[in-house]
Every structure is written in structure tokens, then in C-alpha cells.
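Colleague: Now for the letters of each chain:
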Amino acid sequence: DTAVSQTPKYLVTQMGNDKSIKCEQNLGHDTMYWYKQDSKKFLKIMFSYNNKELIINETVPNRFSPKSPDKAHLNLHINSLELGDSAVYFCASSPEGLLEAFFGQGTRLTVV
Amino acid sequence: AQSVTQPDIHITVSEGASLELRCNYSYGATPYLFWYVQSPGQGLQLLLKYFSGDTLVQGIKGFEAEFKRSQSSFNLRKPSVHWSDAAEYFCAVGAGNTPLVFGKGTRLSVIA
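Top to bottom, those sequences are chains L and Y.
Letter 85 of the first sequence, counting from 1, is numbered 85 in the numbering used here, and no numbers are missing.
Letter 33 of the second sequence, counting from 1, is numbered 33 in the numbering used here, and no numbers are missing.
No incorrect hints appear here.
Calculated cross-link-like contacts (lysine-lysine; reagent style DSS-like; alpha-carbon spacing at most 30 Å):
#1 L:Lys19 x L:Lys44
#2 L:Lys71 x L:Lys41
#3 Y:Lys49 x L:Lys44
#4 L:Lys41 x Y:Lys68
#5 L:Lys9 x Y:Lys61
#6 Y:Lys104 x L:Lys22
#7 Y:Lys49 x L:Lys22
#8 L:Lys36 x Y:Lys61
#9 L:Lys40 x Y:Lys49
#10 L:Lys9 x Y:Lys49
#11 L:Lys41 x Y:Lys49
#12 Y:Lys104 x L:Lys36
#13 Y:Lys104 x L:Lys19
#14 Y:Lys49 x Y:Lys68
#15 Y:Lys104 x L:Lys41
#16 Y:Lys68 x L:Lys44
#17 L:Lys36 x L:Lys22
#18 Y:Lys68 x L:Lys40
#19 L:Lys41 x L:Lys19
#20 Y:Lys61 x L:Lys40
#21 Y:Lys104 x L:Lys40
#22 Y:Lys49 x L:Lys52
#23 L:Lys67 x L:Lys44
#24 L:Lys71 x Y:Lys49
#25 Y:Lys61 x L:Lys44
#26 Y:Lys104 x L:Lys67
#27 L:Lys41 x Y:Lys61
No lab work stands behind these hints, which were simulated from the structure alone.
Model the full assembly from the supplied sequences, consistent with the hints where possible.
Modeller: If you want it as C-alpha cells, here you go:
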């Protein structure tokens, strides 16, 4: 009964590759997010979607492209991966209006 | 813009001792405040939240937090720490329909 699930949990890839991370929530929430957690554990918002529409796009390289096929899914595609993209990426969701965010288990991306 | 400061990067306490983790926020109106816990290799789990009303809020795992508007603080407390409480703790602030803004986290170590 996982509420917010991400796949894969670990991803190791070479510089220059393109990769995707998938996220699904079964909570019926309208809003989904992608956060990036760096090596110092700092969590920073990347994108926010509400009902499949992009609401917030923080200062993120355009190599990162989120896609929301429906309000239960928010995938993250990354082109031309760089070493600095290595981090843990968290998907989260929240109900309409800001209440607490529910987080997935994270995807640890390592670019070599 | 909202911001959160967690002044303590790392705290070590003895098992059975009391705990207080500090959090200060910056926001113009009444914020929504949260504490999350992240165990190694895991996602973030909500411990407790404050929206309005009673300024002392109870959470899961025996944690509580007190909202003090005059000090712009939302400190997390636990009367008796267990070894399983060792983790990273994040304070977060939210408002309206904007994503949560997180502090940089406090790592809690518990010694016997």
C-alpha cells in the first residue's frame, strides 16, 4: 500500500546519458513535487505540478524535464547527465492547498 | 520569501536523555510548520505539524513541538530519546499553495 512510490531506488549511469525517474502516488492528491537532496542533505524544490499542470519551476537546468501524464504520476527525465546531478531525488505529493507533503523513498542517482 | 534555520548541524544525546532540536523560521504571515524525520536510506516521514490553534502540538513517536510566534521558533522536543531516534531531522515551513521550504537538517546521534 505504498502511498508515493518511485522507481528506481538506485541509478548509476555515465556522464552524458539520459535517464528517467518515475513517481506514482495513490493518495488522490492534486499536487506533486520533485525535490533534490544534495550530499549535505539539503532539500530543494525543483518542480511543482497541480493537476498535471506545471506550477513551479525553480532554477533548474532545462536538461531536467518533468512530465505528468495524469495527476497520479510525475516523472522526471534528465538529459545529458553531469557529475553534479548526483543526488537523491524525492517525489512528493500533497492534497489541494498546502498541507503536509508525503514523500517517496527517494532515488539515489550517481553519475560517473 | 520563507526560510528556515536549524542552527545545530549535529547533536549527540545519551539514550534516555531529553532532546530539543531548534528551528527558526522567517515568514511574514502565520506559517504552516512541520517536522520531518529521515532515517538512513529512507524518505521523509512527517512527525508533526502546526497550522493554527494550540501552540503545543503532539506528534508520532513521542515527539512534540511548540510554536512561539514571538521567537519565530518551532522547536522539537522529546522527553526520553531512544536509540532508534537516531536520524536526520528537518524543519519545514509552508504557506498557501507553495512547496515546503526545508531547513538544512539536524543529524541526531544517540549514544548508550
